[in-house]
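Sequence lines, in order, name chains A and B.
Numbered continuously in the working numbering, the first sequence closes out at residue 473.
Numbered continuously in the working numbering, the second sequence closes out at residue 227.
No wet-lab data here; the hints were simulated from the structure.
Please note that the accuracy of each hint is not assured.
[Claimed, not checked] On the chain B side, residues computed to face chain A include the following (Cβ under 10 Å):
id, residue
1, Leu96
2, Leu143
3, Gly159
[Stated by the list, open to error] Label pairs and their computed distance ranges (CB to CB):
id, chain 1, residue 1, chain 2, residue 2, range
4, B, Gly192, A, Gly470, 31 to 41 Å
5, B, Pro20, A, Ala354, 44 to 54 Å
6, B, Arg69, A, Arg471, 17 to 27 Å
7, B, Gly68, A, Arg368, 30 to 40 Å
8, B, Gly68, A, Ala455, 21 to 31 Å
9, A, Gly470, B, Gln10, 22 to 32 Å
10, A, Arg467, B, Arg69, 39 to 49 Å
11, A, Ala445, B, Gly133, 50 to 60 Å
12, A, Ala354, B, Met6, 48 to 58 Å
13, B, Gly192, A, Arg471, 28 to 38 Å
[As the list claims (entries may be wrong)] Reference listing, derived: stretches of chain B covered by chain A, where coverage requires no fewer than 3 residues with Cβ under 8 Å from a Cβ of chain A:
id, region
14, 51–58
15, 74–84
16, 97–105
17, 108–115
We treat Cβ as the ideally placed atom computed from N, Cα and C, and that holds for glycine.
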Amino acid sequence: MTGFGFRLGGELALERDRERRWIAAVVGALAFLATLALGLALALAGTAGRWQASFQGTLTVELPAGADNAAVLRALRAEPAILRVEPIDRRRSEALLAPWLGAGNLADLPIPGLIDVKLRDGAYLDVRSLEAKLAALVPGAVVDDHARWLGGFLALARAALIVASIVVVAVGLAAASCVAFATRAGLAMHREAVDLLHLVGAEDGYIAGQFAGAAMRLAFAGAATGALGGAAVLALAHSIASSSATLAFPLPALGALDWVALAAIPLAATAVAAVAAYATVMRNLGRIL
Amino acid sequence: MVIFQQVGLRYGLGPEVLRDVSFELAPGSFHFLTGASGAGKSSLLSLLYLARVPSRGMVHLFGRDVSRVVRAELPGLRRRIGTVFQDFRLLDHLSVVDNVALPLRVQGTDERQVRDHAAELLAWVGLGDHLGALPPTLSGGQKQRVAIARAIIGRPQLLIADEPTGNVDDRIAIRLMRLFEELNRLGTTIVIATHNLQLVRESRHPELRLDGGTLSRHAKAA
Ligand SMILES: Nc1ncnc2c1ncn2[C@@H]1O[C@H](COP(=O)(O)OP(=O)(O)OP(=O)(O)O)[C@@H](O)[C@H]1O
Ligand SMILES: [Mg+2]
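Build out the structure end to end from the sequences listed, making use of the hints.
Below you can see the structure in the form of structure tokens.
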């Protein structure tokens, strides 16, 4: 039917042009990259956040192998800021180490004594002075508040997020310039029809709207495909990494909010394409009567 | 309605195809524009329907100096003008009824009204059976009538027609002329460029004659 073509794409029938379909492929590839970059960074940040939360308010006391922990336990339990003190017995330590060292090699190994300490919610404890106190009881006692390596990991996650944001912005700019380029070509190709629309009284925005609509459809088709591809790769990477015993830590899973952020990528790509096409047409029409 | 003062027009760096053209069209008037092929009729009309601005001189339209009109005002002025182009300029991928509807659609007129109105006009020019046809499947005369329907659908105050009877037989030419007369009676100012001197002679309307880019005669006072 005649009305259908009109309603789909307007009088310029831009949706029929095969010349600009590559836009969908380019935007799709860019959305794929953006999804991967952002997905990995979000997963890393999520893990860092979860670990930080789970170590919040916990300490680990390390005693030299063979040391007597009774005095240390008493001193710890006397601290008002401490909620719970739980020594890790030799069997549990061995179980923790077995995957790394092999179960058979542990028997004669001097394994340091470990004590898990849980602080009261919101309580403050000076870790250094606690350490000094314990070292007086058992020379070589160390109090680890996980700050050092957790801090490094948090910084890494933050850096990954920054890099991913830069990638997303760069990818968005690349998509915008592709759309602008394709739109200029489309304007030239449809010059006669555009002139006619002007002569029968169309405003520039009416014409720009048709180009924006066409660019949006192409960009959305491409970006949705690319983002789905990226999400599939992320899910696959996660399942491979978590089933593999060789990794030091499992590749983290994405949370619900992370998936929402990733879903925003094709929507953002669509919006970028619409704005780029609209602005390109408006700027270029300003130069002709 | 229209005032031309010492208007000159050149394409790019070429020679002036219009020179010192001065005339005035009163509201509600009806003029023929004649002249040999290449005399500059279509060029002059293109200044009237605001496709170009003059290289020199002054063009006033609806009381506005065209050279002072800002871009955002052009659509509003153009909607008061209906044009039948010499080469029709129909959009080949749109049906006949969608081509005719174009001036109303770009204004955002209600869709039901647009289709009814377009279909009605097409019936009137004898193309009621061709609403869904695509322009490439039409004869020259049929295309011309589609172009005329498109030019008048927006009820323009100024109707410009470039050789509107060039491709139709006498019977349809007479019918189209009656249509133009009728629109003129309703107040539309009309300018028709034509080679058809017989048409001009048989009519009581004045003639603007172009000769090598200059307006040489302003015959038959209105
Ligand atoms: N777009 C253009 N670019 C350059 N020259 C042009 C253009 N259009 C017209 N001309 C020139 O301007 C002159 C007048 O042309 P125009 O089309 O106005 O004549 P016309 O009177 O309408 O002729 P016809 O009766 O054949 O339609 C011609 O010499 C033509 O070559
Ligand atoms: Mg001509």
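Outcome of the hint check:
| no. | hint | in the structure |
| --- | --- | --- |
| 1 | Leu96 | holds, 6 Å |
| 2 | Leu143 | violated, 14 Å |
| 3 | Gly159 | holds, 7 Å |
| 4 | Gly192/B / Gly470/A: 31 to 41 Å | holds, 35 Å |
| 5 | Pro20/B / Ala354/A: 44 to 54 Å | holds, 52 Å |
| 6 | Arg69/B / Arg471/A: 17 to 27 Å | holds, 22 Å |
| 7 | Gly68/B / Arg368/A: 30 to 40 Å | holds, 37 Å |
| 8 | Gly68/B / Ala455/A: 21 to 31 Å | violated, 43 Å |
| 9 | Gly470/A / Gln10/B: 22 to 32 Å | holds, 28 Å |
| 10 | Arg467/A / Arg69/B: 39 to 49 Å | violated, 26 Å |
| 11 | Ala445/A / Gly133/B: 50 to 60 Å | holds, 57 Å |
| 12 | Ala354/A / Met6/B: 48 to 58 Å | holds, 56 Å |
| 13 | Gly192/B / Arg471/A: 28 to 38 Å | holds, 36 Å |
| 14 | 51–58 | holds (count 5) |
| 15 | 74–84 | holds (count 7) |
| 16 | 97–105 | holds (count 5) |
| 17 | 108–115 | holds (count 4) |
Hint violations for this structure: numbers 2, 8, 10, all remaining hints satisfied.
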